[in-house]
Amino acid sequence: MSHSIDIRMKELGLILPSPSPPAANYTPYTIAGGLVFISGQVPLGTKGIEWRGKCGAEFTVEQGQQAARLCALNLLAQLREACDGDLSRVVRCLRIEGFVNATPDFKDHPAVINGASDLIADVFGEKGVHARFAVGCNSLPFDSTVEISGIFAILSASA
Amino acid sequence: MSHSIDIRMKELGLILPSPSPPAANYTPYTIAGGLVFISGQVPLGTKGIEWRGKCGAEFTVEQGQQAARLCALNLLAQLREACDGDLSRVVRCLRIEGFVNATPDFKDHPAVINGASDLIADVFGEKGVHARFAVGCNSLPFDSTVEISGIFAILSASA
Amino acid sequence: MSHSIDIRMKELGLILPSPSPPAANYTPYTIAGGLVFISGQVPLGTKGIEWRGKCGAEFTVEQGQQAARLCALNLLAQLREACDGDLSRVVRCLRIEGFVNATPDFKDHPAVINGASDLIADVFGEKGVHARFAVGCNSLPFDSTVEISGIFAILSASA
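Taken in sequence, the protein lines are chains W, R and G. Residues in the first sequence are numbered from 1 upward in steps of one, following our numbering. Residues in the second sequence are numbered from 160 upward in steps of one, following our numbering. Residues in the third sequence are numbered from 319 upward in steps of one, following our numbering.
Chain W with its partners taken away, still in its complex shape:
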């Protein structure tokens, strides 16, 4: 019962990546008072960062969505660690913060970040419906196409 989210992810054909170490002197997540803060995640796959470049130049909205989806998979991988392996402890995805590497005339940030929002809603159902902001950046770490951080509410580990 406690791993119902794992079953749901299996149904969706989702496999979370190994949580990646942070790119610098910080930690992938912190926890306080039932809140989890997940550090900004980039579109890191098994072969390194898979999406480098800007929406509106190298990449379309649809490609940006795929980059956002990969960021979200990394976000959930970190969140699972924060929950000691049990994502059914997640009470609510409170907020997703989406940063899109974009050209100055790009306008479709919400559609790009939907690549992450849709995944999270698919995995968690009502608990996955979140507040969010989506904004444009003229540059992101390692030329990543998208970066996504998040704040979640979780239950304490049961005894």
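Be careful, since some hints might not be right.
[As the list claims (entries may be wrong)] List time: in silico DSS-like cross-link candidates among lysine-lysine, alpha-carbon distance up to 30 angstroms:
| id | chain 1 | residue 1 | chain 2 | residue 2 |
| --- | --- | --- | --- | --- |
| 1 | W | K127 | W | K107 |
| 2 | W | K107 | R | K169 |
| 3 | G | K445 | G | K328 |
| 4 | R | K266 | G | K365 |
| 5 | W | K107 | G | K425 |
| 6 | G | K328 | G | K365 |
| 7 | G | K328 | R | K266 |
| 8 | W | K107 | R | K206 |
| 9 | R | K286 | R | K266 |
| 10 | R | K206 | R | K169 |
| 11 | G | K425 | G | K445 |
| 12 | W | K47 | G | K425 |
[Stated by the list, open to error] Far from chain W, some chain G residues (derived; all Cβ distances over 10 angstroms):
| id | residue |
| --- | --- |
| 13 | M327 |
| 14 | T378 |
| 15 | D461 |
It should be emphasised that the hints constitute simulated quantities derived from the structure, not laboratory data. Keep in mind it's a predicted model, so treat the numbers as computed, not measured. Just so it is clear, CB atoms sit at the ideal spot from N, CA and C, and this is done for glycine as well.
Model the placement of chains R and G on the given structure of chain W, informed by the hints.
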């Protein structure tokens, strides 16, 4: 007594817009442990987005302030929904996050976001004095001139 | 005992600046439920803002790190005020939000923000290890090279 903020807004001549549905697959706000996270709001008026373009190019600081003020009205409209219609349940505006669509040489982001900060302080008095960040973006959703999200502390609904 | 962090800062040769008033109509920090939200801090020194310009153009990664470190000193100065002068009330640095004023081809935002992360870890030890995001902005207030905001968990003031 419980709707003192509505009286204050009437004195200020403020009418909140109808809370707008989110632009994508997420929700306008989430609530956990007395915290409310309001999604990023753009300068949406009755005729659609009323401010499109960049501060430092199409728009002056003063025009940016008007765009920020309109974002803040939309923020308060969502917050009122989160409070079941009773803004007097707001304990504190904890943080406002201000994103200004700007040219690379623009420097007056704090003045622009004051358009939102002043409104919130006018409405809530001491409870409206908030922490904030104000930064520049090379692009924002739908070419909006400003986007503003926020975190508030509220009381639970009384029985 | 209660001022152990002050002793640690003296060992590190760190002197916090006077907390600066906000650049606009808001407050340097808010507190609710054990969380402190610190407003965005710019690289303000005794002679005003000491770093103006973009990483990738006027400044190298190493110079950006110095700017980030100065932002972090200002962040800690505000945090000390929030703790009524006693930084040993800090339970955890939950998240650092780093904004780097950068050219469109800049890629080393994590290294720049390390200038802040390293300082905070030095001062607080394990309690200073934080989640974070680091992103690029095409412009920042007053042409600041870096802006950093943060969220901390603190203990209530003891009686």
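Each hint tested on the structure:
1. K127/W to K107/W: holds, 29 angstroms
2. K107/W to K169/R: violated, 35 angstroms
3. K445/G to K328/G: holds, 18 angstroms
4. K266/R to K365/G: Distance of about 19 angstroms is within 30 angstroms: holds.
5. K107/W to K425/G: holds, 22 angstroms
6. K328/G to K365/G: At roughly 23 angstroms apart (the allowed maximum being 30 angstroms), K365/G and K328/G satisfy the hint.
7. K328/G to K266/R: The hint is violated at about 35 angstroms.
8. K107/W to K206/R: Holds, at roughly 19 angstroms.
9. K286/R to K266/R: holds, 29 angstroms
10. K206/R to K169/R: Holds - the C-alpha atoms of K169/R and K206/R are around 23 angstroms apart, at most 30 angstroms.
11. K425/G to K445/G: holds, 29 angstroms
12. K47/W to K425/G: holds, 19 angstroms
13. M327: holds, 18 angstroms
14. T378: T378/G is indeed farther than 10 angstroms from all Cβ atoms of chain W, at 15 angstroms.
15. D461: holds, 15 angstroms
Of the numbered hints listed earlier, those contradicted by the structure are 2 and 7.
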